[in-house]
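Number of protein chains: 2
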Amino acid sequence: MDLTTPATNPKAPASETPAASEGGAATTPAFSPLYQQIKSLILRGLQAGEWKPGDLIPSELELAARFKVSQGTVRKAIDELSAENLLVRRQGKGTFVATHSEQQVQYRFLRLEPDAGSRATQVPADRRILDCRRLRAPSEIARMLGLRAGEPVFEVRRVLAFHGVPTILEDLWLPGTPFKGLSLEMLASHPGAMYALFESQFGVRMVRADEKLKAVSADGESAQIMKLTPGFPLLSVERIAYTYNDTPMEFRRGLYRTDHHHYHNELS
Amino acid sequence: MDLTTPATNPKAPASETPAASEGGAATTPAFSPLYQQIKSLILRGLQAGEWKPGDLIPSELELAARFKVSQGTVRKAIDELSAENLLVRRQGKGTFVATHSEQQVQYRFLRLEPDAGSRATQVPADRRILDCRRLRAPSEIARMLGLRAGEPVFEVRRVLAFHGVPTILEDLWLPGTPFKGLSLEMLASHPGAMYALFESQFGVRMVRADEKLKAVSADGESAQIMKLTPGFPLLSVERIAYTYNDTPMEFRRGLYRTDHHHYHNELS
DNA sequence: CAGTGGTCTAGACCACACT
DNA sequence: GTGTGGTCTAGACCACTGC
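Residue numbers (the numbering used here), protein chains in the order written: chain A, 1 to 268; chain B, 1 to 268.
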């Protein structure tokens, strides 16, 4: 592939890309390197479901041939995608689409850990779904999910217990359209982590998330559900989870009991 | 540099490395790629203070010549180091040692943000040092810092206020030896972030940190200092900060008021 | 202009997994 | 052995910075 065209983007790098977007007007010329374009193309394949979570994607040489670039360029694109946890490389085997299921990393977004003792094998939580209903999005929820107020959403409430102690009370909201058909039975019957179900049943893969933490006091209702006295300090965790393209697909509000657990975070 | 030697590590890659460690006995052969060895060598230079925070390090070609490897290999080593925030690349200028000062990122490890309004320009906190004393490490502190109980440590207490509202009460402990000479006056007179002072005055650069968060209720003492009623829910943040080589250099326990701020975390 | 990091290529060889 | 990702090289050219 030649890069003779100077400042602005050279011609589209792939043969199979009708260059869907790129409205028309001259915005920022914004030179973008070839490997970034390759990255976008792979990303498009992931979004389009060409390769599903857990799938093996084509080898680097194959992709290089398809996109008419060198293996090194494909490699750099895949490097970044795997650094972002979208792909997983396995030497000798190939490159796979990351998934929330199967891996030993069951709860990839749950940062709660038992204090001290820290049995590396965190006891599998005891999950209980309290509620699952379809309703029109209140404005706050709509805003978080990038919807218009009144659009349908699912609301789920559940409790997680460790060693019989209710530790997490969560309410979560999902956009109605992509999750059409969700039901309490489906959630209750599914054994694994919730995000694994989202992948297998709805083809929705959560890629990253933003969390906002606060310390709060248990109100009457949550205290009752978690068998605590009102006023008990709880960690409030609000999460927006995004799928490909930074599209919000879940808003979650959790209350964590932290007298025997803590929220672990690594800074760098 | 030739890589003819097969499985085990090839001969040391640099000319100026007396191969200090590598005890003797055959542990794990553990093949390590060239770029990892280069990375270690650069890291050693950083630890040894050959280049200090903010300094320009030699160019890729210079390092390649010095270590007798190709530019690409040095590049990959630097890529990783800059991904770990130890180095910062600036196109056209060179590669610099990362620092907590100068950058616009004043509080690199502080995850507390104002709610909603979120003036991107977070008001510079009003810092007040309450105490700074030298004492013998209690066993818990010693354990956190990798010291023996009774070894000297500094204990500092300070309050951060935003818009006049006391929001963070922190106690922190530093090992006595590396921080010899620390005083309340020094802390109080220094304008910028604390980690910047550690770099400039003690040559200690914090590289990464581990935090454990819990929700707690304000006790009498902290309530009084923060002008709250006892029982007010506070976010407890325990941090161990590490310098190069995963050596712990600070233990910090903070209480955050979170009624108008939140702790922000990005998951991926 | 020269010097730096950033991108891209082409080719060689190594380490690992499967058959 | 074949095919995969992983490492390493050498050289070309581009983009940015500052003299």
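Check each hint, because a few of them may be wrong.
Listed below are the simulated DSSO-like cross-link pairs for lysine-lysine, each with C-alpha atoms no more than 30 Å apart in a straight line [unchecked claim]:
| hint | chain 1 | residue 1 | chain 2 | residue 2 |
| --- | --- | --- | --- | --- |
| 1 | A | Lys76 | B | Lys76 |
| 2 | B | Lys212 | A | Lys212 |
| 3 | B | Lys212 | A | Lys68 |
| 4 | B | Lys212 | A | Lys76 |
| 5 | B | Lys76 | A | Lys93 |
| 6 | B | Lys212 | A | Lys227 |
| 7 | A | Lys227 | A | Lys180 |
| 8 | A | Lys212 | B | Lys227 |
| 9 | A | Lys76 | B | Lys68 |
No lab work stands behind these hints: they were computed from the structure.
Each hint, compared with the structure:
no.	hint	in the structure
1	A:Lys76 - B:Lys76	11 Å, holds
2	B:Lys212 - A:Lys212	15 Å, holds
3	B:Lys212 - A:Lys68	48 Å, violated
4	B:Lys212 - A:Lys76	35 Å, violated
5	B:Lys76 - A:Lys93	23 Å, holds
6	B:Lys212 - A:Lys227	24 Å, holds
7	A:Lys227 - A:Lys180	33 Å, violated
8	A:Lys212 - B:Lys227	24 Å, holds
9	A:Lys76 - B:Lys68	24 Å, holds
The structure does not agree with the numbered hints 3, 4, 7 stated previously, though it agrees with the rest.
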